[in-house]
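K.L.:
Sequence order for the protein chains is A and B. This note's numbering applies: residue 1 is where the first sequence begins, and numbers increase by one. This note's numbering applies: residue 1001 is where the second sequence begins, and numbers increase by one.
Hints are computed from structural coordinates only; laboratory data are not their basis. Keep in mind that the hints are not guaranteed to be accurate.
Sample of chain A residues at the chain B side, in silico, Cβ under 10 Å [said to hold, decoys possible]:
| # | residue |
| --- | --- |
| 1 | Q6 |
| 2 | L32 |
| 3 | C57 |
| 4 | E658 |
| 5 | T876 |
| 6 | Y880 |
Virtual Cβ for every residue (Gly too), placed ideally from N, Cα, C.
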Amino acid sequence: MSLWRQLVRGLRTLVNRKAAEQDIADEVESYLEHAAASLVARGFSPDEVRRMARLECGNAAGIREQVRSYGWENAAAAPISDLRYAVLRLRANPGFSAVSVLALALGIGASTAIFSLIDGVLLKPLPYPDPERLVALWHTAPGIHIKDLNLAASLYFTYSDENRVFQDIGMWQSGAWSVTGLAEPEEVPGLSVTNRFLYVLDTQPALGRRFTASDDDPGGERTMMISDGYWKSRFGGNPSALGRSIVLNGNAHTVIGVLPPSFQFLDRRISVLLPLRFNRAEVRLFSFCCQGIARLKPGVTLAQANTDLGRMLLMAPTKFPINPGFSLAQYTDARIAPNPRPLQDVLVGDIGGTLWVLMGTVGIVLLIACANVANLLLVRADGRRQELAIRAALGAGWRRIARELLLESMLLGIAGGVFGLALAYGALRALVAFDLPNLPRIHEISVNPAVVAFALGVSLAVGFLSGLIPVFKYVRPNLYLSHALAGARRGSSHSKERHRARSLLVVVQVALASVLLVGSGLMIRTFQALRHVDPGFSGAPEVETMRIFIPQSQVRKPERTLRMQEDILHRIEAIPGVSMVAITNGVPLEGCCSNNPVHAEGQESREGSIPPIRRFKFVSPGYVSAVGSRLIAGRELTWAELYNQAPVALISENMAREIWRDPRAAIGKRIRTSFNSDWREVIGVIADLRDDGVDGKAPTIVYWPLWQKAVGTASAVTRTVVYVIRTPRAGSTELRQEIQRAVVGVNPSLPVTDVKTLQSVYDRSLARVSFTVVLLAIAGGMALLLGVVGIYGVISYSVSQRTREIGIRIALGAPLREVTGLFVHQGLILSGMGAICGLLAAVALTRLMKSILFEVSPADPLTYVVVSSGLILAATLASYLPARRASRVEPTEALRAEIDRFPAARAC
Amino acid sequence: MGQPNTDVIQGTLDMLILKTLSLESMHGFGIARRIEQISRGVFKVNPGSLLTALQRLERSGWLDAEWCRTENARRAKVYKLTRAGKKQLESETADWSRRTAAIARLLKAEG
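If we strip away everything but chain A, and leave its shape as in the complex, we get (with noise of 0.2 Å):
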C-alpha cells in the first residue's frame, strides 16, 4: 500500500514537477507566514519578527530546497531530463533520425528474424520431457557403401533385450492407410510404432491407454490410438471415440487412445498411431525397415550408448538366423556400425549450416548499419562540436556529455528495434504462411519472448556501439578548450583529423558490404550451377502426379490390382489434353523406394560378398516418356511383360556403364538380387535420373516391372503407386477434378492423394537454395546501399569542408576535372582499401559456406572478379556525385563565405 503510494506520488511529481514544487513552496510560505503572525501575536514589532523568524526558520528557498529534495524521484529526474533533451534533438532532426532508424529498423529486424529461425529450428528443445536423452538409432555400413543404415528388426529385438544403457527402446515407420466406412474414403498419414514408443518419448496418452506388448502381437486383436487433430475432426472429441472400430486398408482397428493435443514427432503429419506387428519367430537377420528411437537412461553419455550397441551388434547374428540366399559372411563385410545420433540433431538434419550462414550475413548487415549510424552521429558530434567545449568549459563533466551522447545512440537502437521487431514479425508471418525455406519445425517458430529479449539487447548494443565512436572521438577530459578554439580557427589539419574516423568507418563498411556480396555471389553462382543441372527429365511444369494406394482388402488377387491400376491409367488417359501416363512408385527427386544390392552376370566378384546397392523403383510401361526422360538404349517395358511377369528389367545409364562401360553393352545381360533368384535380362538403360534432390548425385537404379515375381524383399506387387500424368493441364482445379472423377468410375473407394505437379517437387528440391539466395541478395543489396550511401557522405562533407580551397583552386584556373578528380580518387582510395580488406576477409570467411555452396569453390574467382569491379563503379559513382558540386563552385563565393567568417573567428 505504502509502496504504492510512494511510486504513484514520485511518478505524479516527475510527470508534473512545477505543480508539485508550487504546493511545496505554497506550504512553506504558508509555514512562515503562520510563524510570524504567532510572533506578531506575541508583541513583537515587524523589523524583530523579521529578525527572529531569519534566526528560528532560515530561508525559504533553503527550506523549499531541503523539502524538496526528499523523495525516490530526485534520484531518476536527471536520467529523465536527459532523456527528454534527447528526445527534443532527435525530433528536431527528423531526417537524420529518420535514415537512422530505417538504417537499424532493417538490420534490427532481419537479424531478429533470423535468430527467431534459428530459435524455432535449432535451439528450442524438443517437446518432449528431457528431450537430451532421446537419441535416433542409426547404422552405418561401410562395407557396402550405405552411410546411413536404418534399425532392423533383428537389431531392435536384440536391443531391446541386451542393452544397458536404454531406459526405453521403440521401433517406427511412417505409412498412409486408406481409412473407409467414416465418411469420404480418406488416406490417412501417421506411423507404425513398437509399443514402448510412446513410452520412449514420455507421452502420455489425453485419452485411454498407450499400446503393450499385447498389441504388436501378430495375432491379436488390431488396435490403433489417433491423433487430437483426427479425433476432433472425425469424432467432434467425443470421449466415445474410445473403442470404437475404424477401417484402416480394409481391417477393422479399435481405438484405444487419443495423443495429447501437443503431441508432434519430427514433423510427420500424424493422424493415426498403430502397434508395428512383427512375427518374432520370421525375423531374419537382414531385415532393415524402421526407424529406431531410443531413450538413454540418466547419465549415459551417447559414446557408452555407440559402445553398447557396438557389443549387440556382434549378438545379433546369434539370435536370429540368416536370410535364405545370404551367407553370414555378408553380415560381417557390410561392417554394420552403429551410428546414435541425438533425435534433435535428425530433426533439425543440415539447415543448421544455412542458417547460421544467414545470421553471420545479417549480422554483417546490421553492423554495416551500425556504422552508417555513427558516421552520422560523428556529423551531429561535429556540428556540435563549439557547444560541447563550452560547456565542458563551463563544467560539464566529461562523463554527462558522454552519457548523453549514448542515450541519443541508444534512443535511436531502440526505436530501431521496435520497428525492426514489428519487420521480423511480418518477415516471419509470411515466412511461416508460405514455408518458403522448407524448414523443419517451421509451425514452432514465433516472436517468443527470447526472440524479443533478442531484438532489445541487440537494440541497445547497437546503440551503444554506435554511440561510441563519437564519444571517443568528441568527449576527451580536458580537451574541450582547446578543441572549441580548433573550431574557430578552422585548421585544416583538424578537420583531417577530424575525417580520420569518418574514413575509417567508410573503410569498414565496405569491407563488410564486399563480404556480402561476395557471399550472395557465390549463393547466385550455386543457385546457377543447380540450375543448370539436368535433372533428367524435362517438361515438369507439364506433368501431373498422384498417388493412389489399392488395400488388399479391395482386391486381393495381385492381378486384379495391376488390371485397376492399368483401368485408371487408361481412364486418365481419356481426359482431353492427356498426352502419356504412367505408373510409377515414387517420382523423381523424392528419395523415395528401397535401397539393395544387385548382382550382374560375370561381375560376380568373391563369393558371399555383398555387390554393390542400387535403388529398386517400379514402373510401367511409358514410365520413361510421360516423366520426360530418355531411353538411352534398349526399349521400354510392355504391358504383356508385365502381365506375364516377364524376367526384365531397364536400368539407368550411370549404372550400366559402370558395370558394362557402355549402356548399348546392357542390353541383354541379365541381373538379379540374390544367389538364388532368377536373373532378369535388361531390355534398356534410361538416362540417370536425380533422386536424392538437385543437389544430390544421380542414383543408379534399376527399374522393375510393377509385377513380377517377388524381388528383393518388396512385395510382388506394388499397392501404393504414383500416376504421372503429362498434360498441358496440369496443375489446373479442373483437371484434378476429371482425375478424381476417373478413379472413382472405376472404385468409389479408392482416395486420390499428394497430388502435385512434377515443378512443384522440383522447385521444393530447390526451396532450401532458392531461399538462401533471395536472402543473401537483398543483404548484399542492402549493404551495398548503405556502402554506397556511406561513401557518398564522406565525400560530400569532404567537398563541404574544402569549399575554400576548391575556390581558390578554380580562381588560379586549375581545370574542372582535376577537382572533379581529386574527390573521386579520395573515394575510390576508401572503397579501393575496403574493398581489398573485405575481399581478403572474404576469402577466409566464405570458407564457413562450404556445406551449402555447390560445385562452386569458396574462391570462385568469377565471383570475386564480378563484386571487385561492381564496388569499384559503384564507389565511382558515389563519389562523382557529390564531386561533381566542387567543380561548379563559384571561386569568388566560396572566397566572401570565407571573409565572413573572419571577424567570428577574432572575436573568439
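Put chain B on the given structure of chain A with help from the hints.
P.N.:
Frame of chain A; chain B shown alone:
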C-alpha cells in the same frame, strides 16, 4: 556549550509528529509550535526537517493532507492521522518506552 541543545533527538521526530497529530489535526507550523510548547522549549523543530518529515509520513500513508483555510483566513496544509498512522504511533511508542526504560536502567546501574 553556551546554548542548550534544542535539537530533536535523532529518529524521534516522526513519533513526535504522529503523537501531536493524534490529539488534533493541524498544519505544519501548528505542529512545530505544539512540540515546542509541550516540551517546554526543550525541543525546537527546524521547519525544513519538519516539512520533509511530513512529506515522508504522508507518502508512507500515515498522514493525510489537505489544503484548508485556517481560523485567521490563511491558507494552510492541514495534516490528519490515518488509521495506519495510529497503528504506527502505537508501535513506535511501545518501542520507545522499551528503549528508554532500558537506558534508564543502564544509567541507574551502579558499579
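K.L.:
Could you run down the list of hints and mark each one as holding or not?
P.N.:
Hints, verified against the model:
1. A least Cβ separation of about 5 Å between A:Q6 and chain B falls short of the 10 Å threshold, and the interface hint therefore holds.
2. With a least beta-carbon distance of about 8 Å to chain B, the hint placing A:L32 at the interface is held under the 10 Å criterion.
3. This hint holds: A:C57 has a C-beta 5 Å from the nearest C-beta of chain B, less than the 10 Å allowed.
4. Here the hint on A:E658 is broken, as its CB sits about 89 Å from the closest CB of chain B, past 10 Å.
5. Given the 10 Å rule on beta carbons, the hint for A:T876 is violated: about 67 Å separates it from the nearest Cβ of chain B.
6. Interface restraint check for A:Y880: the shortest CB-CB distance to chain B comes to about 66 Å, outside 10 Å, so the restraint is violated.
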